[in-house]
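K.L.:
For the sequence shown, position 70 (counting from the first letter as 1) is numbered 71 according to my numbering, and the numbering increases by one without interruption.
In case anyone wonders, no lab produced these hints; they're calculated from the structure. Keep in mind the model is a prediction, meaning the values are calculated, not measured. A couple of the hints might just be wrong.
Computed cross-link-like contacts, DSS-like style, restricted to lysine-lysine with a CA-CA straight-line distance of at most 30 Å [as the list claims (entries may be wrong)]:
hint: 1; residue 1: K280; residue 2: K107
hint: 2; residue 1: K217; residue 2: K147
hint: 3; residue 1: K239; residue 2: K217
Just the calculated beta-carbon pair ranges, DEER-fashion [as the list claims (entries may be wrong)]:
hint: 4; residue 1: D151; residue 2: T275; range: 56 to 62 Å
hint: 5; residue 1: T283; residue 2: E187; range: 57 to 63 Å
hint: 6; residue 1: G173; residue 2: R111; range: 23 to 29 Å
hint: 7; residue 1: D295; residue 2: W370; range: 25 to 31 Å
hint: 8; residue 1: Y371; residue 2: G210; range: 46 to 52 Å
hint: 9; residue 1: N67; residue 2: A305; range: 44 to 50 Å
hint: 10; residue 1: D256; residue 2: N346; range: 28 to 34 Å
Virtual Cβ for every residue (Gly too), placed ideally from N, Cα, C.
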Amino acid sequence: MSNIVIKASGLSKAYQLGEIGTGTISRDLERWWAKLRGKEDPFLRIGETNDRNTRAKSDLVWSLKNLDFEIEQGDAIGIIGRNGAGKSTLLKILSRVTAPTSGSVKIKGRIASLLEVGTGFHPELTGRENIFLNGAILGMRKAEIKRKFDEIVDFAGVERYIDTPVKRYSSGMYVRLAFAVAAHLESEILIIDEVLAVGDAEFQKKCLGKMGDLSKGGGRTVLFVSHQMNAIQSFCNKGLLLTNGILSYRGLVNDTLQKYQQTNSNVQSAVLRTHHFGKGNTLEILNFKINEIDIDLSFRITLAPNERIKSLVATVSDTIGQRIALIDLREKLTEIKGRNFEVCNNINHEGLVENDYDFGISIETSIQWYDFKTIMPAEIPAKKTGIIPYEPYLRGYLNISHTYSIKNARQK
Numbered sequence: 002m003s004n005i006v007i008k009a010s011g012l013s014k015a016y017q018l019g020e021i022g023t024g025t026i027s028r029d030l031e032r033w034w035a036k037l038r039g040k041e042d043p044f045l046r047i048g049e050t051n052d053r054n055t056r057a058k059s060d061l062v063w064s065l066k067n068l069d070f071e072i073e074q075g076d077a078i079g080i081i082g083r084n085g086a087g088k089s090t091l092l093k094i095l096s097r098v099t100a101p102t103s104g105s106v107k108i109k110g111r112i113a114s115l116l117e118v119g120t121g122f123h124p125e126l127t128g129r130e131n132i133f134l135n136g137a138i139l140g141m142r143k144a145e146i147k148r149k150f151d152e153i154v155d156f157a158g159v160e161r162y163i164d165t166p167v168k169r170y171s172s173g174m175y176v177r178l179a180f181a182v183a184a185h186l187e188s189e190i191l192i193i194d195e196v197l198a199v200g201d202a203e204f205q206k207k208c209l210g211k212m213g214d215l216s217k218g219g220g221r222t223v224l225f226v227s228h229q230m231n232a233i234q235s236f237c238n239k240g241l242l243l244t245n246g247i248l249s250y251r252g253l254v255n256d257t258l259q260k261y262q263q264t265n266s267n268v269q270s271a272v273l274r275t276h277h278f279g280k281g282n283t284l285e286i287l288n289f290k291i292n293e294i295d296i297d298l299s300f301r302i303t304l305a306p307n308e309r310i311k312s313l314v315a316t317v318s319d320t321i322g323q324r325i326a327l328i329d330l331r332e333k334l335t336e337i338k339g340r341n342f343e344v345c346n347n348i349n350h351e352g353l354v355e356n357d358y359d360f361g362i363s364i365e366t367s368i369q370w371y372d373f374k375t376i377m378p379a380e381i382p383a384k385k386t387g388i389i390p391y392e393p394y395l396r397g398y399l400n401i402s403h404t405y406s407i408k409n410a411r412q413k
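With the hints as constraints, model all of the structure from the sequences given.
P.N.:
This is the structure we're talking about:
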């Protein structure tokens, strides 16, 4: 008997850009006539892949395009890719939150999912009522849910608020209860999006441990999306890599992570962006490439006739705007002659923990200070070491260079 629990064939999802509801009766009739004859939707053929670095030429974009894969019972699958790669869209299709535009997916077993905060619970119902509601949706009898109830509440740590409507919960409380419900109620497949990042570090560790128990000990299939590569590596045995909505690689988790790091470097190379500032000034990003230990950054600044450069720095910040580092580029400003110049910068990122960062540039001219906090987002890859490092949320942002020794203490 086959142990395949999820099988996707030609799975695709298209979204319309711009305003919703701007279709025409003519288009609807053409779609209806094509469907009636068993033909392809004529307007889907002009859709584009989901590449965020290119300007759209069509009003349709493929969030997912022709995905084919199989997942076996008991597998722990890490789904990875850059922001906007289609990871959350895939989970929504598998959770039956949204339907695919074309293709099919066959699922054997009941699914419990934890997607973005706000899904899965009715905001007007209490925590207690939502537990029973979710159990009923999974086909469990009331007596079965009662047997699991105390375990769910204890895991979530929300006993004091269990009879309060969940709309009054904080996002952290909501996620704690939602994960506890998804993990403890009887389902064959557990789907977890990166919503766990809302919880505190202790609860995240608790969740990863529980998912490991379910997959390895309970035989349940787990699909897990996260930007924490160490969590993926330590918990999952297989991986799916999505690139602009296309399944670019599938295999063992370590091979998938290695492929992701290579793809991430290539995707972010030779990207051109233009920023206008002041009256007649431009900043052009000529190249931004992430290598194994460093980043190549080059840009061009063109100033208006009445302005001159006074100060120039590059910055590194986290995704909420907290500055982590400042790179001073003032030393060679005296060499600049004229109003048009290029800067080629090589930045060593060995001191940064793998995480999402924003690289920026700040320019001071004779008239004003201009601050570009995000010229390019960057995902710094994990450093190759002989051991599995601690999770990024435990390590902060910096890898501090150090030396140490260990020896046996002399017995007293």
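K.L.:
Just tell me: holds or violated, for the beta carbon distance of N67 and A305 against 44 to 50 Å?
P.N.:
holds (49 Å)
K.L.:
Mind checking the hinted window 56 to 62 Å against the Cβ distance between D151 and T275?
P.N.:
Taking Cβ atoms as reference, D151 and T275 lie about 59 Å apart, which means the hint holds.
K.L.:
Assess, step by step, whether the Cα of K239 is no farther than 30 Å from the Cα of K217, and give holds or violated.
P.N.:
holds (13 Å)
K.L.:
46 to 52 Å was suggested as the range; check whether the CB atoms of Y371 and G210 agree with it.
P.N.:
Given a distance of about 48 Å, which is inside 46 to 52 Å, the answer is holds.
K.L.:
Tell me if the beta carbons of T283 and E187 are separated by a distance inside 57 to 63 Å.
P.N.:
Given range 57 to 63 Å: holds, Cβ gap about 60 Å.
K.L.:
A range of 23 to 29 Å was offered for this pair. Does it hold for the Cβ distance of G173 and R111?
P.N.:
Check passed, 27 Å falls within 23 to 29 Å.
K.L.:
Can the suggested window of 25 to 31 Å be confirmed for the beta-carbon pair D295 and W370?
P.N.:
holds (28 Å)
K.L.:
Compare the distance between the alpha carbons of K217 and K147 with 30 Å, and conclude whether the hinted pair is satisfied.
P.N.:
holds (25 Å)
K.L.:
Has the hinted range 28 to 34 Å been met by the Cβ atoms of D256 and N346?
P.N.:
Holds, since D256 and N346 (Cβ atoms, about 33 Å apart) stay within the stated range.
K.L.:
Assess, step by step, whether the Cα of K280 is no farther than 30 Å from the Cα of K107, and give holds or violated.
P.N.:
violated (57 Å)
The structure is inconsistent with hint 1 alone, although it conforms to all the rest.
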